[in-house]
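J.: Sequence:
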Amino acid sequence: MDKFNQIDVTHCMDSLEGLKQMPSDFVDCCVTSPPYYGLRDYGVDGQIGLEKSPMDYINRLTEVFMEVFRVLKPDGTLWLVIGDSYAGGNKGAARYPDNAKKWKQGTNKGTVGNRTAYKYVTDCKDKDLIGIPWMMAFALRERGWYLRQDIIWHKRNPMPESVTDRCTKAHEYIFLMSKSSTYYFDSEAITEPAKTKPIVGNCTAHRYGGNKYTKDKDVFFRTKSENAYDNKGKRNKRDVWSVSTSREKGLHFATFPEQLITPCILAGCPKEGIVLDPFMGSGTTAMVARKYQRHFVGFELNPDYIDIINKKTQVTPYLFV
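In the numbering used here, the protein residues as written are 1 to 321.
It is possible that some hints are incorrect.
What the hints assert, rightly or not - With a straight-line cut-off of 35 Å between C-alpha atoms, the simulated DSBU-like cross-links for lysine-lysine are:
id, residue 1, residue 2
1, K312, K291
2, K73, K312
3, K271, K20
4, K234, K169
5, K73, K234
6, K73, K291
7, K271, K234
8, K291, K311
9, K234, K312
10, K271, K195
11, K73, K3
12, K169, K237
13, K312, K169
14, K311, K73
15, K73, K52
16, K73, K271
17, K169, K125
18, K20, K312
19, K311, K237
20, K52, K125
21, K271, K291
22, K20, K291
23, K3, K271
24, K169, K311
25, K20, K52
26, K271, K311
27, K291, K234
28, K169, K291
29, K3, K291
30, K312, K271
31, K127, K52
32, K195, K169
33, K312, K237
34, K73, K237
35, K195, K291
36, K234, K195
37, K237, K291
It is worth saying that the hints were derived from the structure and are not from the lab.
Whole structure, please, built from the sequences with the hints as guidance.
T.: Written as structure tokens, this is what we have:
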């Protein structure tokens with residue numbers, strides 16, 4: 001049991017079984033992306049993503065995230081990156097483009113596609129967008145999570161698609177969810193530059209809801225739309241994040257972009273806090289956590305990735321006191 005009090009370690013095991021052995025109220029936030037539905041065969045018993053129906057997939061993930069709920073501190077948050085897929089009826093697997101191997105979590109070896117024997121059952125019509133992300137978000141909300149925000153990951157370099165009856169997909173969702181109605185969120189850590197023009201002078205006749213003072217009553221900032229900021233050139237981070245996908249040498253799948261999860265960790269976890277990733281993959285969450293003076297705990301079912309994670313983090317696990 002003591003090993004599940006450790007930090008800065010990734011356990012090579014099923015995440016649900018491992019989470020059940022962790023103490024309650026232990027981690028500060030969870031940043032993760034589970035295996036996507038119908039996309040990849042990891043060749044490991046107990047893997048998530050090849051369930052017989054989308055609802056079976058949602059139910060399995062709900063079990064995992066209810067354990068995440070328990071191990072989160074009362075003011076903890078979950079940042080969940082999850083993609084969607086199209087129904088293919090009983091003709092084959094959930095439909096991704098032929099180049100799905102280049103998508104996040106796709107591989108040259110093991111990619112599930114219409115050429116495989118994998119089949120599933122769904123009420124969706126052939127070619128329907130299944131709606132996996134929102135099914136997941138609503139299922140967790142029904143179980144007690146607060147659904148605080150849907151953030152759009154806009155991919156600057158989306159994979160081309162040959163479809164001619166819809167647009168090329170260039171986004172995924174990041175759901176911000178919380179355990180309580182009030183929670184830790186450091187908005188100042190992720191502010192972004194505001195395109196503002198400083199105006200200096202006597203501004204006593206400002207309009208409420210329009211121009212707004214900084215602490216210096218003689219300086220305020222105004223944008224072209226007449227909206228002003230009191231943080232001297234900074235603004236709250238918007239809910240559309242434009243981040244390119246990334247790949248790593250020696251790996252056959254597109255990994256979590258560091259730039260994508262950095263704001264999740266900076267806003268969701270205080271320094272020296274603990275970030276949880278129950279689907280660690282190649283370890284980017286762990287790497288970013290250590291880079292910004294946070295600790296991590298992770299689970300990864302595939303033993304091939306453990307050495308990769310350890311090389312990225314290069315830390316020795318120790319008991320949290």
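J.: Each hint needs a verdict: does it hold in this structure or not?
T.: Outcome of the hint check:
Simply put, K312 and K291 have alpha-carbon atoms about 10 Å apart, close enough for the 35 Å limit, and the pair holds. Of the pairs offered as hints, the one joining K73 and K312 holds, with about 27 Å between alpha carbons and a cut-off of 35 Å not exceeded. A hinted pair counts as satisfied when its Cα atoms are at most 35 Å apart, and K271 with K20 qualifies at roughly 26 Å. Distance check on the hinted pair: K234 and K169 sit about 31 Å apart at the alpha-carbon level, within 35 Å; holds.
Between K73 and K234 the alpha-carbon distance is near 30 Å, which keeps this suggested pair within the 35 Å criterion. Simply put, K73 and K291 have alpha-carbon atoms about 22 Å apart, close enough for the 35 Å limit, and the pair holds. Between K271 and K234 the CA atoms are separated by roughly 22 Å; this keeps the pair inside 35 Å, and the hint holds. For the given pair, K291 sits about 14 Å from K311 by alpha-carbon distance, which is consistent with the 35 Å threshold.
Between K234 and K312 the CA atoms are separated by roughly 32 Å; this keeps the pair inside 35 Å, and the hint holds. For a cut-off of 35 Å, the pair hint linking K271 to K195 stands: about 29 Å separates their Cα positions. This hinted pair checks out: K73 and K3 have alpha carbons roughly 19 Å apart, not beyond 35 Å. About 23 Å separates the Cα atoms of K169 and K237, which keeps this hinted pair within 35 Å; it holds.
Restraint check for K312 and K169: the C-alpha separation of about 31 Å stays at or below 35 Å, so the hint holds. With a CA separation close to 29 Å, the supplied pair K311 and K73 stays within the 35 Å bound. Restraint check for K73 and K52: the C-alpha separation of about 34 Å stays at or below 35 Å, so the hint holds. Distance check on the hinted pair: K73 and K271 sit about 15 Å apart at the alpha-carbon level, within 35 Å; holds.
In summary, the hint linking K169 to K125 is supported, as the alpha carbons are separated by about 19 Å, within the 35 Å threshold. Restraint check for K20 and K312: satisfied, since their Cα atoms lie roughly 26 Å apart, inside the 35 Å limit. A distance of roughly 32 Å separates the Cα atoms of K311 and K237; the hinted pair therefore holds under the 35 Å criterion. At most 35 Å may separate the alpha-carbon atoms for a hinted pair to count; K52 and K125 meet this at roughly 16 Å.
Annotation: proposed proximity of K271 to K291 holds, straight-line Cα distance about 11 Å (limit 35 Å). This hinted pair checks out: K20 and K291 have alpha carbons roughly 28 Å apart, not beyond 35 Å. Only pairs whose Cα atoms come within 35 Å are accepted, and K3 paired with K271 is accepted, the gap being roughly 23 Å. For the hint pairing K169 with K311, the CA-to-CA distance comes to about 33 Å; that is within 35 Å, so the pair holds.
For the suggested pair K20 and K52, the alpha carbons sit about 25 Å apart, so the restraint of at most 35 Å is met. With a C-alpha separation of about 22 Å, the suggested pair K271 and K311 falls inside the 35 Å cut-off, and the hint holds. Under the criterion of a C-alpha separation no larger than 35 Å, the hint pairing K291 with K234 is consistent with the structure, at around 24 Å. In summary, the hint linking K169 to K291 is supported, as the alpha carbons are separated by about 31 Å, within the 35 Å threshold.
Distance check on the hinted pair: K3 and K291 sit about 23 Å apart at the alpha-carbon level, within 35 Å; holds. Annotation: proposed proximity of K312 to K271 holds, straight-line Cα distance about 19 Å (limit 35 Å). Our distance criterion of 35 Å between C-alpha atoms is met by K127 and K52, whose separation comes to about 18 Å. At most 35 Å may separate the alpha-carbon atoms for a hinted pair to count; K195 and K169 meet this at roughly 29 Å.
Of the supplied pair hints, the one linking K312 and K237 holds, its CA atoms being roughly 28 Å apart against a limit of 35 Å. A hinted pair counts as satisfied when its Cα atoms are at most 35 Å apart, and K73 with K237 qualifies at roughly 24 Å. Among the hinted pairs, K195 with K291 is consistent with the structure: their alpha-carbon atoms are about 29 Å apart, no more than 35 Å. Distance check on the hinted pair: K234 and K195 sit about 8 Å apart at the alpha-carbon level, within 35 Å; holds.
Our distance criterion of 35 Å between C-alpha atoms is met by K237 and K291, whose separation comes to about 21 Å.
The structure meets every hint from the earlier list without exception.
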